[in-house]
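Chemist: Each chain is listed here by its residues.
Number of protein chains: 4
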Amino acid sequence: MSAKTINVALIGQKFMGRAHSNAYLKAPRFFDLPVNPVMHTIIARDLSSLKKFADRWGWANATTDWREAINHPEIGLVDVTTPNNKHKEFVLEALKAGKHVACEKPLAATLDDAREMRDAAKKAKRCKTFVWYNYRRVPAVATAYQLAREGRLGRIYHVRAYYLQGWASSPDIPLIWRFDKEQAGSGSLGDLGAHVIDMVRFVTGDEVEEIVGSISETFIKERTIPSGVGGAGIASGAKAGGKKGKVTVDDAVHAIGRMKQGGIFSVEATRFATGDENKHGFEINGEKGSVFFNFEDLNNLYYYDATLPVHVRGWTKIQTSVPGVHPYQAAYWPTAHPGGYEHAFVNQAADMMRVLGGEKPEIPLPDFDDAFETQRVLEAIELSAKQQAPVKLSTVK
Amino acid sequence: MSAKTINVALIGQKFMGRAHSNAYLKAPRFFDLPVNPVMHTIIARDLSSLKKFADRWGWANATTDWREAINHPEIGLVDVTTPNNKHKEFVLEALKAGKHVACEKPLAATLDDAREMRDAAKKAKRCKTFVWYNYRRVPAVATAYQLAREGRLGRIYHVRAYYLQGWASSPDIPLIWRFDKEQAGSGSLGDLGAHVIDMVRFVTGDEVEEIVGSISETFIKERTIPSGVGGAGIASGAKAGGKKGKVTVDDAVHAIGRMKQGGIFSVEATRFATGDENKHGFEINGEKGSVFFNFEDLNNLYYYDATLPVHVRGWTKIQTSVPGVHPYQAAYWPTAHPGGYEHAFVNQAADMMRVLGGEKPEIPLPDFDDAFETQRVLEAIELSAKQQAPVKLSTVK
Amino acid sequence: MSAKTINVALIGQKFMGRAHSNAYLKAPRFFDLPVNPVMHTIIARDLSSLKKFADRWGWANATTDWREAINHPEIGLVDVTTPNNKHKEFVLEALKAGKHVACEKPLAATLDDAREMRDAAKKAKRCKTFVWYNYRRVPAVATAYQLAREGRLGRIYHVRAYYLQGWASSPDIPLIWRFDKEQAGSGSLGDLGAHVIDMVRFVTGDEVEEIVGSISETFIKERTIPSGVGGAGIASGAKAGGKKGKVTVDDAVHAIGRMKQGGIFSVEATRFATGDENKHGFEINGEKGSVFFNFEDLNNLYYYDATLPVHVRGWTKIQTSVPGVHPYQAAYWPTAHPGGYEHAFVNQAADMMRVLGGEKPEIPLPDFDDAFETQRVLEAIELSAKQQAPVKLSTVK
Amino acid sequence: MSAKTINVALIGQKFMGRAHSNAYLKAPRFFDLPVNPVMHTIIARDLSSLKKFADRWGWANATTDWREAINHPEIGLVDVTTPNNKHKEFVLEALKAGKHVACEKPLAATLDDAREMRDAAKKAKRCKTFVWYNYRRVPAVATAYQLAREGRLGRIYHVRAYYLQGWASSPDIPLIWRFDKEQAGSGSLGDLGAHVIDMVRFVTGDEVEEIVGSISETFIKERTIPSGVGGAGIASGAKAGGKKGKVTVDDAVHAIGRMKQGGIFSVEATRFATGDENKHGFEINGEKGSVFFNFEDLNNLYYYDATLPVHVRGWTKIQTSVPGVHPYQAAYWPTAHPGGYEHAFVNQAADMMRVLGGEKPEIPLPDFDDAFETQRVLEAIELSAKQQAPVKLSTVK
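Here the protein sequences come in this chain order: A, B, C and D.
Numbering follows this note's numbering, with no gaps: position 56 of the first sequence is 227.
Numbering follows this note's numbering, with no gaps: position 330 of the second sequence is 501.
Numbering follows this note's numbering, with no gaps: position 20 of the third sequence is 191.
Numbering follows this note's numbering, with no gaps: position 258 of the fourth sequence is 429.
Careful: at least some of the hints might be erroneous.
[Claimed, not checked] Straight-line Cα separation of at most 27 Å, DSSO-like style, residue types lysine-lysine; simulated pairs:
(1) Lys-223(D) / Lys-175(A)
(2) Lys-557(C) / Lys-431(D)
(3) Lys-223(B) / Lys-531(C)
(4) Lys-557(D) / Lys-557(C)
The hints are simulated quantities; they were obtained by calculation from the structure and are not laboratory data.
Can you make the complete structure from the sequences, with help from the hints?
Modeler: So this is what it looks like as structure tokens:
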């Protein structure tokens, strides 16, 4: 193991708190890194559950006093996994304290918050910032990026970004926290859409020029309030005679637009695609080649090479869990012993350590500046849906 | 064979002329019909090629005089397969003459033409009209229709209609007739989009309420004029130093909108989806179930039944070429000896004969009234793209 | 249409009688042939149904007197589609009469019959012989053959031939004719296995050296005798209290062996693979490349090119219904408007006409000599299963 | 975390040493267990690399003295991951010392060794034994087991177990340790075949009755000796002019046979299936239903329910990474955030802890007695290949 280390303070102990803890635990075991993360302090509001969490995952300290923890002189990196509308406060404090910052996606719940965070990051010149658009490090996505960089797509015509879940399509699903804007920060657009917008910006290297049309829909406007209020996750069927409350987020968003380099694109995010569990990814059609990715089949990239002779041309299923295909697999297991959901987080933790150790990862990491661009797209999509009119990205600053 | 017959006059000897000839040839051989079609007269402009065509396919007569042929007292059914902008003239003449009329899709090149044709059909009370939206009779599409009628989808949330081809994505493809509005009548929207709009109207039983946004794009604005001008089909690479001419149709169209019963939908038609040869169909997500169809896999329907126990729930690949699944397979071959592209035409020819014989086919046939609704959607998509604004269908009459 | 013609006498009006009638009807319409088939005489035992059949399909004459019909001076080609155990009698008569002969597969029900037929064909030097191993002309299979001929597979290691149906797996299926050796001629081995053995011999260009082990199994030994005895096709559930009769054919066969050039192979044929409707084809793994084909997905060939760079290597789905990929599609419809089951018959009828017109088809046709080799493999598989011991092909003559 | 713990001594630091270390590290973090594993001592021959390994993975002690370590009073569980021919020595010592034992698969390199180990385990009544047939805990395999237990397959007709890799198919691959029986213990049969034999015994609940035929093949008999002898993994292309050495293991094995309850089965294991990276699993066809599993698509199980109405019947892709489908996913991430290769090891480590804590895991663990049955099948396959004759399992004791 490397001699250099950095102490991490992690805020949040829910789904993402676990995913990041697992990433810090595993990254130095599988990768040889210039700097190793040390699981120093875990921060959250409920101390009793936090102690158990710290014990389970190996965090040396647990505290509810986030301000003190962030400013602790031993801490080098602050990692924020709270709901989107809480990102700003923690991030600004960490940057002020001169810490490197990692933040869950999307950067913020509003464009104003995101702008403030980006500007603070610009000023804090010695601080590195990272945003957990971790899907860039799914092997198949990293491979798509590399094929595009090799010039294998050529001029890009069509970009389709989609994130299709179906869990909310039954009216029997009660009013859990994810349907509440206050608690969740955003609906399908921020939760799901943000990921795939980042992915297509990343793979194409192109930016959105204009949102031409956008639909934001809440199919089921009211749901039964669950008996155990505030339950995390999908509660089972609501009680008979239960009161109803309003759904305050979007169930689905579908927008179309134009890319700067002349392609047209589409973004879909929904929780009502019955039958799709976690189907997200992209279809990108270029002059010389095309790529297709679907997270439900996360270890494979589909590639069409239009330059091959016609009688051997077709969609090729590239197993990206083969060493030599992408830059992470060799760290884990032999050929085609594939990884799962969590490995993209481990890969990102490893690459963050590389950046902090002065190295340049093969697959670029998104910083606040980069994530702000995705935030502008989210804003333009919302605006277009609200105004029922096209929105040029140049007007969203 | 049945004793009753009807004499057919077919206009056009190109791609659709062959497809319909084959359909009339085969329908009475595979199906027991109340009325059998007789291949009486083939009509087109070039008599020399027409004689060969008639000989090959068994048309008893061949003529260039369409007016005389249409009005011939022996003719019972006039079938029109010319370019879209020529449909009206032939159709009106046939209706005036009191003939039954079948017309290729889309009904017309413009909404005005389509309206005139629909109105003429309404007046000609004794004439049956048919439009060749033949994909309704692809076994997998017919099966989707039947599952929807059984109530297996429930409230519909998402409708995606797509028609993805990639043949035009290279700038080396010369300026063939398909890129010329004058000759082709329409670009990807009329050629491809019309089919899938009909399909989703048919399967969902719902209608479009509003186009919220629409993009119509010509990616490659100029192409080299091929040496042999007017070549049908895709000519090989253009000559060096060849002159360039303008592409006057759309290469791709993508529109989003709302359905009357509350779902949201998307229509995509493109010739620039490199890698996709003839990928068209639909994804429809409902409360109780979902269906997915792709013509490149034309004998299978994918169905998700959300009412099954969770541990056996998933997308089911239904082989529709099994007798008992859909209403046409039994006429052909034993189980899972599947059909191809042409069989949807044969099935439609058979069902047209059933209607003319007073029977009601299990799968409804589109008449002019029905096809006019699809034409309104095409018009709204074009308008929305031109005006860069939402268009309510109620304003398109 | 071509001026030259040949008069065909077809024996049999069941499944294959229809398939061949359709092939003769369509071949000259889609292909430009040096000789066109004329549907002269249809021969079968039941004259009343035969008249209807002739009327429906356009056979000029219908007769029960097979000997007279075969020897009729106008007849040029005799085509035999009766049960396997009846092939010999008709074929020998036709060869004696100096006619060209086409025979359904397998060549015969026994090796002795097949040998006699092959020898008669050898003597009848002016007669061409054909066997309806029609799957060679499925576009994907023809493409596999061509890739192999280009040297894209290299030394072949593994050959898997499989034919998996599931229709007989329920004990409720009654004792239809297919379970009776007397009526059917053979069980799964002759009915299904013969096809895939021919396919792998054809694609690899290699021959079987030895059967190392073989299992022949009848899972359900007795079935209820259906009320309407002798029903063709799968009758619905048997009556309660119905008498039982013996199944006298194999339900499934699985054999393994060695190829002459050093590969190992496996042949599976079954009617008990519940869930598989008509899944048959091959997997062939070579040093430089591999191919995979499954008839349930008949328009696609899967090809792996081991000579490509590792990061773009994978199984490629080649849509063979693209003109330029295989030698038949251009005759039918534009790109990726695919064919179905029946088109392989039409393609074979067309190629038979080419041979009779002195041309050499791009995809070789199997003659009696070729089909006799497949028969030897069937015999060796049966022998090995009976003797429970390896059988060298050199001992089966 | 639970108060109870057990100290583990792990022998081996190669591929499996890492996989097991990762399993012990993660199991108590994701699962609530009655006993937690403590990573006490790692044992291997090379002390210098071992220290680094122990440091990286968190083993408290590292030693080359296996005898002392095994007998250390603090150790409760000994885990053996050495080559197969070394299993016996360590296992017998551990059982003698009264320790619980976990052993990598297959149980041993020979049936004699395996028998001795099984008998020793029987005598050591207080010792629990486990064999790492970890694929039983891949979610899709566990789901198949549960569907079978629910009676959803009915009488089983066909069992196909396959393990297809292609990495060795090029003659340019040098003579690495895996081609050397001395170093590797076995070729494709023991390395690959053992896994899938265990899987089908597990899912069907049935045992092999007889091997009817078996082929064991070494396609490439000699390979170039790599310059750096003894390299683990696949070395790059051999040097020109390099000396050649003999391959002493099988490249591929294919056997067919009969199951006790009347089904027929097939086992294939190969490293020469060019194009297949790590394709292994099973096809099981029963009277009422069928299941299909392929590790290259490890989160999905394909299931056919023959009891559904015909028009909605088909192969269903069950996403097993949905909580409620199988008994492990809930421990990790929300629905359809799937696991990878390593999770089957974590699941097994968790279940071993449950057994040691007196609980009964939902999915049974294989002990030495169970693994001995798989060893008998391996032996019968080898014998049949050697003798070129059928081998009854009852003769292999």
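Chemist: Would you mind marking each hint as holding or not holding in the structure?
Modeler: Hints and how they fare:
In summary, the hint linking Lys-223(D) to Lys-175(A) is supported, as the alpha carbons are separated by about 16 Å, within the 27 Å threshold. For a cut-off of 27 Å, the pair hint linking Lys-557(C) to Lys-431(D) stands: about 20 Å separates their Cα positions. Among the hinted pairs, Lys-223(B) with Lys-531(C) is consistent with the structure: their alpha-carbon atoms are about 26 Å apart, no more than 27 Å. For the suggested pair Lys-557(D) and Lys-557(C), the alpha carbons sit about 21 Å apart, so the restraint of at most 27 Å is met.
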